[in-house]
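*Asks:* In case you want the letters, here they are:
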Amino acid sequence: MMKQSLKKWLTISVSAVLLAVAVRGIVWACAGGDWDGTESSDFAPEAFIDTPYTPFFFSDNYYYDIYYDTQHDTRFSDDNVREWTTYIGKGADAAKFVDYILNAADAKSLFSLLRSTKASLPDSVARVKSLKALEGDKTVQFVQYALFAKRSEVFATNNADYWTEDRKAPEANTLGGLEKELITGMEAAGKNKDAFLQQRYWFQLVRYYFFYDREKAIATFSKYANAFPKNHTYYRTLAYAAGAHYKQGRFAEANYYYSLVFAGDDQLKTVAHWSFHPQEERDWKQTLALCKTPEEKATCWQMLGTFYDDELRSMKEIYKLSSKSEKLDLLLSRLINKLEYDSEYSYRDTFLKPNRAEAYKWVKATADGGEVSNKFLWHVATGYLAFLSGDYATAHTSYAKAGSNMPSTTLANKQLRLLKLLADVGELKRISATDETRLLPELQWLLVTLPKDETVGALRYSHATDWVQNTMAKAYEAQGDIAKAECFVHKAAYYGNEQKVEVIRTFLDKGYKAGAYEAFCKEIADLTVADIDEMKGIKLAFKDDLGGAVALMKTVNNATELPGNPFNGWVNDCHDCDHMAPQKIKYTKLSFLEKLAAMEAKVKSGQEVYTNAILLGNAFYNMSFFGNARQFSASRIIEFGADPTTIDWIFRSMLVDNAVAEKYYKQALDAAVNDEQRAKATYMLAKCERNGWYSKLLYLDKSKDNEYYYGGLDTAIEVQIQRTWFAKLKQYQQTAYYAEVLEECGYFRNYLGK
Amino acid sequence: MYIDPLIAHMKAPIILILLLTLLTSCSTPSPQTSFYYWKTRFKLEDSERRALVDNEVKRLYLRYFDVGLEGGVAVPIGVLAVDSFPKSVEMVPVVYIKNEVFKKRADSLHLRVKGLIERMSKEAGATVNEVQFDCDWSEGTKGAYFAFLKSFKSVWGKPVSATIRLHQVKFRGRTGVPPVDRGVLMYYNMGKIGSEASSIYDRKTAARYTGYIKSYPLPLDVALPIFSWGVLMRGGKVSALLNKTDEAELQADTNFIRLREGRYAVKHPIFKGGYYLHEGDEVKVEAISEDNLEQMTEDLTHRFAKPPREVIFYDLDAQNLIRYDETIFKEVADDIR
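If you're matching them up, the sequences are chains A and B in order.
In terms of this note's numbering, the first sequence opens at residue 1 and continues consecutively.
In terms of this note's numbering, the second sequence opens at residue 1 and continues consecutively.
Hints listed in this document are in silico derivations from the structure and should not be mistaken for laboratory results.
Here the structure is a predicted model, which means the values were calculated and not measured.
Check each hint, because a few of them may be wrong.
Interface residues of chain A toward chain B, partial, derived using beta-carbon atoms under 8 Å [what the hints assert, rightly or not]: (1) THR51; (2) PRO55; (3) VAL81; (4) TRP163; (5) TRP274; (6) SER275; (7) GLU281; (8) TYR308; (9) ASP310; (10) ARG313; (11) GLU317.
Glycine included, each C-beta is placed from N, C-alpha and C at the ideal position.
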């Protein structure tokens with residue numbers, strides 16, 4: 001139910017933006033860009049967890065922050081250039097040459113580079129005159145190696161067209177003895193005690209075997225597994241060995257290897273995640289059995305908990321293995337994010353929420369145990385879970401413990417401050433003056449400082465802002481302090497009651513001077529006395545009390561001009577046309593009201609009654625929601641979008657009412673001197689009548705609240721509409737105006753059955 | 001002389017049955033028995049090979065590939081890996097096209113699909129005649145799908161068939177009739193996954209549709225289910241489908257508690273079929289019994305304007321076959337008129 005209304009809000013917000021009338025809350029909902037599941041979060045994992053784990057933070061997206069892993073063939077480009085530049089030992093300047101060889105040159109040009117004496121090197125590397133001259137130099141070894149790497153691309157990086165090309169690796173016998181050459185290269189490097197080069201050849205050979213002989217891939221990996229340092233090349237090779245196991249159906253071994261990759265190489269974490277797939281329970285048990293140390297087992301549990309959404313089970317297992325393991329922390333952050341997750345903000349369908357009571361109990365006991373490494377995280381988590389469970393005393397104690405273990409980052413500081421404020425606000429029952437003084441700096445920080453703070457970073461404070469405002473407003477409302485409640489959360493309904501209007505007006509006029517807290521309330525309300533008076537002026541205008549309205553509007557001093565001529569009255573309403581049409585006189589709200597008052601005076605004194613009355617009718621029609629000057633009625637307090645259902649109930653009947661317009665159209669009809677004039681006044685009354693029926697049947701029917709009407713109305717509603725003025729219009733068939741209506745008004749043609 | 005291993009395995013009594021069948025049913029030939037083969041690698045296990053022989057299967061409907069969207073572009077997915085096909089059985093390539101494909105422009109898709117079918121067939125040394133398309137099209141994609149079928153037919157030049165779901169038979173005024181030579185009525189997947197009744201087959205649900213088969217304007221064959229699956233329910237919602245899971249398997253597994261017939265709760269979290277099952281998840285087992293197949297026979301007989309040419313069982317898989325008598329498929333096919 002909530003989800004639906006929220007979606008509807010979003011739909012409406014599009015119209016709201018079009019009309020340039022901002023409705024609070026909607027702006028907030030749209031401002032965050034794509035929704036990712038953090039909308040209901042107050043807990044930023046960034047404040048606690050190391051960056052390599054970022055993709056695995058809890059999110060509605062596949063990967064948090066990066067969405068998808070798109071670096072499959074670029075992940076190591078920079079590392080490769082750096083490592084080979086160091087290897088050839090020609091100084092940092094050689095990086096351009098290395099980059100060219102690795103990332104720009106094709107196999108053919110490398111081949112000719114190795115053969116020729118006058119190498120056609122790019123300008124940037126002209127310093128290396130000829131490779132032939134460098135025989136025995138590491139540069140030659142590098143280019144030779146790069147050539148093998150390029151030749152491997154036909155199977156290693158397959159970007160063939162899905163439909164027309166074969167995406168299978170080419171037959172081994174078409175590769176020109178690559179296997180043998182890689183073996184020779186590796187052996188030669190071994191003889192030369194060139195461990196760097198040897199390891200690289202090892203990687204290439206294992207990769208080659210992954211495509212052409214999987215058992216050999218595993219054997220070749222194992223043979224040299226302990227011969228080289230545990231660097232990127234090692235883990236890339238390990239990942240191919242893991243893949244070979246997987247393809248051979250040995251899932252336990254594959255998953256074990258992937259767990260080593262996950263733990264060992266941050267750049268390959270997403271790769272390990274993608275590939276880690278126990279099929280049956282026995283695979284998983286065997287994977288655990290293959291682990292050589294508790295830390296390795298902890299990695300497997302971390303992967304299970306993170307990838308398969310069972311954080312609490314995994315944390316319990318890891319804690320048993322190693323209570324100080326940092327692998328607990330990612331899981332805890334995910335657990336917290338899940339527990340605070342509010343599906344009202346999400347489109348996510350299947351989502352299993354952990355049991356909060358069980359989680360709280362275990363997390364608290366673990367934090368209290370004092371064994372964990374990241375004490376700041378665990379105490380904050382306990383405090384926040386206590387807060388979510390309504391246990392404010394524990395929340396405060398835990399936050400105090402967190403405070404004494406806090407890392408010196410601004411994010412950690414802001415995170416703790418935010419959560420403490422939530423606990424402070426959460427436990428308020430009656431807000432006393434002492435509370436106000438105590439909370440003032442914190443509330444100012446949240447509601448005034450943070451929105452302007454450009455260093456706010458990953459801190460998640462939008463939901464906290466909403467929650468604090470709503471909680472404070474509710475408490476103030478309960479204790480009868482309605483002005484402060486309205487300052488914290490603006491509600492249109494508040495303005496349906498004249499006495500309450502005066503209360504907030506008085507507060508904004510004088511009350512706020514009572515103290516710093518009251519001044520702060522006025523600041524966050526973002527309301528002025530003029531806003532209140534403008535609303536009152538609009539209300540009086542709708543009551544045709546122009547004298548009162550003019551007097552108020554004079555004090556408001558709103559210079560905004562109405563976008564179209566508010567005295568127009570066409571057969572068909574076209575606001576855009578009116579807004580674009582050239583206008584000799586532009587009206588502000590005040591000058592419009594003054595003009596109306598002058599016209600009313602003329603009608604009263606019998607001067608040009610028809611003309612003035614029909615123009616007054618048009619003006620009151622245009623002021624209403626249906627007219628081209630509905631902006632007259634929009635204000636800081638009276639907000640609406642492009643559909644009447646976006647008008648708050650408190651103002652809706654006023655805005656969709658054409659009674660005053662009808663009064664003047666009837667006066668015009670009475671004063672008309674010919675049938676042309678009568679036809680026009682009659683048709684204008686028909687327009688008002690039609691709007692009246694729409695309002696009655698759709699917009700003012702609370703059972704249909706927030707139904708949004710696309711296209712035509714259903715016939716069940718259409719048949720209820722009575723058309724008394726259309727019937728009267730038929731007596732003016734001989735007039736030019738009638739012909740015009742017949743031409744332009746489809747409703748009327750339908751009515752006539754034409 | 002080359003003797004196909006399939007024929008070599010044929011048992012004498014079966015040949016006799018075949019002869020008798022030929023003698024007794026000259027006027028209305030029985031529908032042929034066929035199977036769908038729906039895996040990503042073509043490699044027949046012994047029991048699958050035997051099922052083809054025992055049930056005198058002449059045609060195998062082979063899923064060649066699916067077509068889905070990747071970055072908004074139609075691509076082949078899960079292309080069948082195949083070394084070679086048995087010579088004694090005619091292969092009918094089947095292409096499953098996701099409905100989403102026809103929500104995008106797919107102008108030359110028919111040429112791409114034709115090209116890939118031809119390349120795959122050539123590589124496997126198979127001569128193919130008919131091609132079948134499987135797509136759960138909607139009113140919104142009807143136009144694009146039918147246009148695709150028309151274009152494909154014009155370049156293919158040989159028979160083209162398409163699967164027809166029960167609702168497409170009943171509401172053909174709205175969903176339209178695909179421009180193909182034959183249709184295959186899918187007599188399964190008729191319920192909502194996760195509802196109380198079986199989503200594979202429910203006799204009552206089926207009865208709401210059978211009356212409309214006769215007036216369907218395409219010659220129809222029929223596809224019957226012999227598969228089972230476990231519907232994994234998490235928090236009351238369908239979370240995954242556990243392929244080939246059946247009751248016997250869950251009953252034997254101590255990680256599950258039997259709640260009632262066909263319904264199991266996960267007692268301890270475990271990995272199963274590539275999924276991780278949480279404690280408290282439920283698995284609803286859905287399978288087709290031999291009795292179900294008999295009911296289908298009864299309910300479908302005389303429902304067709306013309307008896308179907310073939311009864312195609314979904315799908316040929318050793319794990320499905322163990323639940324049935326070896327020759328039941330042919331017996332069921334023989335009984336449908």
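*Asks:* None of the hints should be skipped; say for each whether it holds.
*Replies:* Okay, the hints, checked on the actual structure:
1. THR51: 27 Å, violated
2. PRO55: 19 Å, violated
3. VAL81: Since chain B brings no Cβ nearer than about 29 Å to VAL81(A), farther than 8 Å, the hint is violated.
4. TRP163: 4 Å, holds
5. TRP274: 14 Å, violated
6. SER275: 13 Å, violated
7. GLU281: 4 Å, holds
8. TYR308: Nearest chain B Cβ about 4 Å off; hint holds.
9. ASP310: It holds, given that the least Cβ distance between ASP310(A) and chain B is near 6 Å, below 8 Å.
10. ARG313: For ARG313(A), the interface hint holds, since the closest Cβ of chain B sits about 6 Å away, which is under 8 Å.
11. GLU317: At 11 Å from the nearest chain B Cβ, GLU317(A) fails the 8 Å test, so the hint is violated.
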